[in-house]
Amino acid sequence: MHLDDDDDLRSTLRGADPSVRQESLGEATVRRLVAAAERDAPTPTSRGRLRRPRRRRLLLSGVATTIAAAVAGIALIGTLSTPAVQDPPPVMQGAPQSCSALTVDELRTNDVAFAGRVISVTGDTVTFTVTKTYAGSPGSTVTVAQISDDSNDDGADLFRSGRRYLVALADGDVAGCGQSGPGTRQLERLYKAAFTGGVTVSPSGR
Amino acid sequence: VGVGHDRGVLHPSASRVAEYDAFVRAHGGAVLRFLRRRTDVDTADDVLGDTMLVVWRRFADVPSEPLPWLYTTARNCLRDAQRAARRQQRLVSRITAIDRPAVSYDHPAEHADDTVHKALAKLREGDAELLRLWAWEELPPAQIAQVLGVSVNAATIRLHRAKKRLRAVLDTTEQDPSTTSRPEGAV
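Heads up: the sequence lines are chains Y and H, in that order.
For any residue, its number in the numbering used here is found by taking its place in the first sequence, counting from 1, and adding 132.
For any residue, its number in the numbering used here is found by taking its place in the second sequence, counting from 1, and adding 29.
These are calculated hints, taken from the structure and not from any lab test.
Any given hint could be a false lead.
A few chain H residues that face chain Y, going by a derived Cβ cut-off under 10 Å, partial list only [to be verified]:
no.	residue
1	V53
2	G57
3	G58
4	L64
5	R66
6	G78
7	L82
8	R86
9	R112
10	L160
Glycine residues also receive a C-beta, built at the ideal position from the N, C-alpha and C atoms.
Could you put together the complete structure from these sequences and hints?
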């Protein structure tokens, strides 16, 4: 297949387009999308900004949860795929808006917790250098799957290269709903309370 | 913002709903096509809903030329859905020790045998996505740069290289259909 110029190449690619070019939304789809938006009507926050219900990130950890999930079976899968429209409870300032207030007890359900700086982001894989261990034995570097930033409606990635985070893991999965996030003093206080201080690995704390 | 107040409950105004309805009709098809080029039909339909909810929630932030912004948002929502599917799969695997299903969450399965799709699959994902945005979404380099969050210069250079690599793969495939090696320069 000799494709000497851009037009040839583009034409070849277009021939393999999996989407029907003239495909448009059907009337039923438009109605479904608009109805979903209307159900998503915003509620005002105390600061005058609009706060809206968001899909809650499901965190599953520990044996008890695993057993419960096994019993729930297919119903659990349905829960994950259905956006939950719910009125959010009061939350810690800066925490994702659809999540319950972050508590010390919730943080303690994680088996690994550490402070670290992102040294590389490759696709969906994020590697940290650990600067302080709060729980478990993460070692000097930890590699985890990227997650989305719950505090950002557009689903942007949470972990950015070069930045410092506090990270909690349950069965190897990053704990969401504000349990893992930028290393703010507020989150650090919760980590210290949950994990009794932690052990500094790097004196600089980076 | 356009919200009405009724017995303590805030409702969106009729004008805001009408504006959103018109936006969905104007641009929803492009978003759906974008998603169906990158995932299976059911996931595309689900993620379309997620993407358009982001539009509804951030209507004031949507640029006047919305497509690059919409594609970026759809990409993020799709990645989120795929991560959730992978987490769910890991959980199910731990519980039941069953094998991963043959269905791919990442690519449209119905086109897996296509020569061009196979060639795209041999490229780096970044190169393949550049080519999809160029040929399927028909975006110019400036808008490709917006979607990918890189400079226009970087997008232009990478697109040029990606085209070269795709041509090399397609040429190799034509000469030896059984080959699976990547072209020189691809990582």
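Hints, one by one, checked against the model:
A cut of 10 Å between beta carbons decides the hint on V53/H: the least distance to chain Y is about 5 Å, and the hint holds. The beta carbon of G57/H is positioned within 10 Å of a beta carbon in chain Y (closest approach about 4 Å), and the interface hint is therefore held. Interface restraint check for G58/H: the shortest CB-CB distance to chain Y comes to about 4 Å, inside 10 Å, so the restraint holds. Checking L64/H against chain Y: minimum C-beta separation of about 9 Å stays under 10 Å; hint holds.
Checking R66/H against chain Y by beta carbon gives a least distance of about 5 Å; that is within 10 Å, so the hint holds. The closest approach between the C-beta of G78/H and any C-beta of chain Y is roughly 6 Å, which is under the 10 Å cut-off, so the hint is satisfied. For L82/H, the shortest C-beta to C-beta distance to chain Y is roughly 6 Å, which falls under 10 Å, so the interface hint holds. Evaluation of the R86/H hint against chain Y yields a held restraint, the C-beta minimum of about 5 Å falling below 10 Å.
This hint holds: R112/H has a C-beta 7 Å from the nearest C-beta of chain Y, less than the 10 Å allowed. At about 6 Å, the closest approach between the beta carbon of L160/H and any beta carbon in chain Y falls short of 10 Å, and the interface hint on this residue holds.
Hint compliance for this structure: no hint is broken.
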